[in-house]
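Q: Residue strings, one per chain:
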Amino acid sequence: MAIILDHVSYVYEKGTAMEMAALKDINLVIPDGQFIGLIGHTGSGKSTLVQHLNGLMNPTSGHIYYNGEDIGEDGFNKKKLRNDVGLVFQYPEHQLFEIDVFSDVCFGPKNMGLSEKEVQLRAYEALKRVGLEDDYFYQSPFDLSGGQKRRVAIAGVLAMKPEVLILDEPTAGLDPKGRDEILDQIATLRKETGITVILVSHSMEDVAKYVDRIIVMNQGSIMYDDEPRKVFRHYRELEEVGLAAPQVTYIMQAFREKGYLVNTDVITIEEAKNEILRVLK
Amino acid sequence: MGIIEAKKLVFEYIRRDEEGNVEGFTRAVDEVDLDVKQGDFMAILGHNGSGKSTLAKHMNAILYPTEGTIWVEGKDTTNEEYLWDIRQNAGMVFQNPDNQIIGQVVEEDVGFGPENMGVPTKEIWERVEESLKAVGMYKYRKHSPNKLSGGQKQRVSIAGVIAMHPKCIILDEPTAMLDPNGRKEVIRAVRALNQAEGITVILITHYMEEIIHADRAIVMDKGHIAMQGTPKEIFSQVEKLKELRLDVPQVTLLAYELKKSGINLPDGILTCEELMKELKL
Amino acid sequence: MLRDITLGQYYHADSAIHRLDPRVKLVTTLLFIVSLFIINNFIGYIVAGLFLIFLIKLSKVPFRFIVRGMKAIVFLLVLAVVFNLFLTPGETVFSFWKLTITKEGIRLAAFMAIRLIFLIIGSSLMTLTTTPNQLTDGMEKLLSPLNKLHVPVHEISMMMAIALRFIPILLEETDKIMKAQIARGADFESGNLIKKAKSLVPLLVPLFLSAFRRANDLAMAMEARCYRGGENRTKMKPLLYHKQDAIAYGIAWLYVVFCVYFGRIFTL
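Chains as they are written, first to last, in the numbering used here: chain E, -10 to 270; chain X, 3 to 283; chain S, 2 to 269.
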């Protein structure tokens, strides 16, 4: 049970003057239940990659396997795949369209052909998961605040009960508190349901403390794929491609340069504090 | 008198229910006093919905106060006679890079403001050239805005404003939709304008690291000013900022935590170098 | 698929055609379109075709780029050809079941195809070589006599310029919303007409909302940059005729004369 990408490449406008390789020979194994951060700057191919995982885009070469089945094969049930691999796009609140919040969240499960009762049950559960109060359920989604709309949109995908949840920049444009709230809810969701979560972001700092694994993309290729603390060791190389390690990494490096033997593999402020206190005392 | 000054500025709007009946009033801006001096770099912080954008729109006579007064260069914005003067002197850059570029070619867009002002053709060309050079976008002058990155688009928008030769430029969350690289580009361009050209800058944002170089910052909450002072003074109050749905850079937070653990450090450390210096390492 | 529409897109190059005054290009395009309907023999279309090739070569726009725009009208083209082919009465060439193809039908279908193709190529060539701003400036200038009749010429041309600028953005947005709804299990393809129409709601509602939001933002941005209609406005690129424009007008009219002669009067 996993997603496997085998030599996947994608070329835009193949055969024309505008030909551009968006993905170059990607090999990846995404086992069940992992929490992954997919990092890269705009145009690194990260959004193209995630659209391959639920079959919205098809590789120009290579194969993608979901639970052992080649999703590019004729007769493969793509609709089922899209239920199993839920994708929340960037600024998902711009896709809301229904009269009230609840109906909008029902859209996904309804398309799956579930019974009316099951649809409503799932919508209710999903809205609870994103922490939306009952009072809002029958309001127009367009009357909500930006952060609330974002949650409704995420609930719309959660209601489909995906096994893999992909979120493309789920915190873009939110204020710091709003960002933390959404990320915390995603972390809780994963802990409680054990589903695979792929968080697409351009900020290492945001995802560092949540994920088990970071995949760094640059120019259509995978640059690093490892545990967060190991990826951050390459902070100089990351900087060269316009990404930065979390600020704590730089602080620990500064201590190192002054000759203090701190452990530079820290991710959270808490860890950094303990390390610094250890060497200063 | 400063370039922008406000006295007990209030902005209220009417909330209506679905039938269009008045439900009540919302005070988006609540008795705000403001005094921005020529050449200042001022930051306005606040969570989503704190009223910071509404306040900004008063500085360019897009919105008019319900109560109180705001003067731009000593001119009351409600006086229609001064409308175009005010709009020319207090230029505005908005959040969404796509929704403020009018021209199909970069240089034509930058020329849009001067055209509206009735500047003679030859001078428009001079202004366009100098403005594009000021933001480092001159070599893209013949490009279509659609092909530029978010950061580049925002720099074009800034050029479009400076071509009007304003005394003051107000940026309403110009980086909210950009990736870290784009954010850096824009902030660098804004700082250069402030330092090299002496243009007054009012930067509205919720990214805390962008205000480090500001002369002054105010934090808005529920329409009124919740905090004000130098960035250092603001960042000294970590707990209060968190209450206001904001956060501080990791290094500030780390220094704060270290201080709580008994290390002798001043409040409001903003950079890694500063931390090292204060620790006397 | 949506990206294939080249109509309304600008292709940057430095060519004689790019440098022409937009008014010349507008008038020439109009003359060219009229000529396509004047011509009623193949020699005439050869003249039109040669003229078009001459213009494309001069414009330095890659042929591939122009042809890409054709994909969008393939359906229309097939429809026009089929209708003309089977529904024109006349001398039967070929008959099959209830369908008959006539000599006149073939001729009409071929004419229709050529006309449509030339028309699209001709007008895309104009939009590819003229920035929408120039285009609307040209239109504004050409139509300015209508100002006397209180037609808001400046406002109309500004609206057109903005519409053109937002077409690619809205197309991209359509693509994105469509994908997002497909990811939520939406089905835009199967079902009968009513079901299909209904399935468009999740696409159209967000699209309209987005268009309104953008319009609102843009109006604010324009006002903030002192936009107040056409009065007292100066131009960064004012339209002035040059020598090359006079030559181009000459060539355009010469072409019309050729067309009328070869397309109407001349017989082998």
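Hints in this document: simulated from the structure, not taken from any laboratory. It cannot be assumed that every hint is accurate.
[To be verified] Here are the computed distance ranges between Cβ atoms for each label pair:
no.	chain 1	residue 1	chain 2	residue 2	range
1	E	Phe126	S	Lys149	55 to 65 Å
2	S	Val35	E	Ser129	49 to 59 Å
3	E	Gln79	S	Leu201	14 to 24 Å
4	E	Val18	X	Ile214	39 to 49 Å
5	S	Ser191	X	Glu131	33 to 43 Å
6	E	Glu114	S	Leu201	26 to 36 Å
7	E	Val18	S	Lys58	51 to 61 Å
8	E	Pro20	S	Phe87	51 to 61 Å
9	X	Glu245	E	Glu114	29 to 39 Å
10	X	Glu245	E	Tyr249	26 to 36 Å
11	S	Phe87	X	Arg18	33 to 43 Å
For clarity, every value in this text was computed on a predicted model and none was experimentally measured. The beta-carbon is built from N, C-alpha and C at its ideal position, and this holds for glycine as well.
Q: Are the hints correct? Go through all of them and say.
A: Okay, the hints, checked on the actual structure:
no. : hint                              : verdict
1   : E:Phe126 <-> S:Lys149: 55 to 65 Å : holds, 58 Å
2   : S:Val35 <-> E:Ser129: 49 to 59 Å  : holds, 51 Å
3   : E:Gln79 <-> S:Leu201: 14 to 24 Å  : holds, 22 Å
4   : E:Val18 <-> X:Ile214: 39 to 49 Å  : holds, 41 Å
5   : S:Ser191 <-> X:Glu131: 33 to 43 Å : violated, 56 Å
6   : E:Glu114 <-> S:Leu201: 26 to 36 Å : holds, 29 Å
7   : E:Val18 <-> S:Lys58: 51 to 61 Å   : holds, 53 Å
8   : E:Pro20 <-> S:Phe87: 51 to 61 Å   : holds, 60 Å
9   : X:Glu245 <-> E:Glu114: 29 to 39 Å : holds, 31 Å
10  : X:Glu245 <-> E:Tyr249: 26 to 36 Å : holds, 34 Å
11  : S:Phe87 <-> X:Arg18: 33 to 43 Å   : violated, 58 Å
The structure is inconsistent with the numbered hints 5, 11, although it conforms to all the rest.
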